[in-house]
Amino acid sequence: MNNHHTPQGPSHGPDQWFEDLLHQAYGNSTKETTMQQSRPTPPTGDVPAAELENPVYLLDDGFAAGVVQQLPPPRGQRRRVRLWALALATVAGMAIAALLFPLDGVYQAMQQADFFADAAAKLAWLREQTAQLSPAGITTLLGISTLSLGLASFWAIEAKR
Amino acid sequence: MISDIDLITRVLARDDRHAFATLVRRYQSQVRTLLRRLCAGDKALADDLAQEVFLRAYRGLAGYRGGAKFSAWIYRIAYHAFLNDKRRQRHREQPMGEATHTATTAEAAMVCDTSVAPGGLRRDIDQAMTYLSEHERAVMALAYGMEATHEDIAGILEFPLGTVKTHISRAKDKLRRRLHAWRPA
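Note that the protein sequences, when read in sequence, are chains X and W. Once you know that position 120 of the first sequence is 120 in the numbering used here, the rest is easy, because the numbers rise by one and skip nothing. Once you know that position 77 of the second sequence is 77 in the numbering used here, the rest is easy, because the numbers rise by one and skip nothing.
One thing to keep in mind: the hints can contain errors.
Label-pair distances were calculated between CB atoms; the ranges are [as the list claims (entries may be wrong)]:
#, chain 1, residue 1, chain 2, residue 2, range
1, X, R80, W, S133, 26 to 36 Å
2, W, D6, X, R75, 18 to 28 Å
3, W, H80, X, R75, 21 to 31 Å
4, X, D61, W, D6, 48 to 58 Å
5, W, A44, X, G76, 51 to 61 Å
6, X, I96, W, A68, 21 to 31 Å
7, X, A89, W, D6, 39 to 49 Å
8, X, Q16, W, K43, 40 to 50 Å
9, X, G76, W, T9, 14 to 24 Å
10, X, I96, W, R87, 23 to 33 Å
11, X, T146, W, L83, 37 to 47 Å
12, W, H80, X, R80, 39 to 49 Å
13, X, W84, W, K86, 52 to 62 Å
Hint data in this document are derived by calculation from the structure and do not stem from the laboratory. Where a beta carbon is used, it is the ideal one built from N, C-alpha and C, also for glycine.
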């Protein structure tokens, strides 16, 4: 230790009683009644021996386990939860869309427009369908799309952290 | 024994909970002891804050730079957790904030029953510590409780070295006055 180490400052003088008092209260010679007085046995060898020799060493006493319990869920688990949430949100979005726009009618319209054969017909059909949508329908579709995109972006960013 | 750096690497690379638990077991005693001293012996509050400290350490582990000792890094977190708690307390008890510093002579009277020493001394020191500012309490707890050098303390608390010395000097003056009853006849 060097000269800047307070506990090892001048060892004599009129204020020595005070230095001794502080050492007694805080230093290694003290056995505090509030702290463990018996030498603990390290369960896993995790704690340096010098620390265990310290008379004011506090036994773990479940403290570490308590801290670990409060940690956020593991990253893999968080990712799984997010994927499930995204899948559920997608299914919910599709269910809402199906309720608003009956799928049977949509499928029949797609067949009539030869939707599966001709790309130009697809676009024309889409334009036609969109034009027929009510303002409320467009708003709902845009809302669902925006919400899905927002959630997907949020989860993607969170998963990267 | 696995080094701190290896444990930290495992936590960061694989989110290894066991490695983090090992770090907590390794430093829990020092952190709880430091906080008990900062909280003037309030063990329940100190242990609550210690839990918060390790949770913050877990979240901020990526920000730990291997250059400094892990103990210094976690003491710094503990000190800031203590300061935040004091701020919250002050916010809650606005008009009573100065109560501890205007204690009456009777309240300030030290228990000097040597038959219960060092427990009595411990209590008196804890009580005397309440008369110190947060900074003074922190430098004393680190200097005498954690055996930290002035340079270590300056690094932990992010104070200039001269400020650390000033705080220690002032704290000792205050404590010397408060603990005068313990002076041998």
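Item to check | Structure-inconsistent hints, enumerated in ascending order | outcome: 1, 4, 5, 6, 8, 10, 12 and 13
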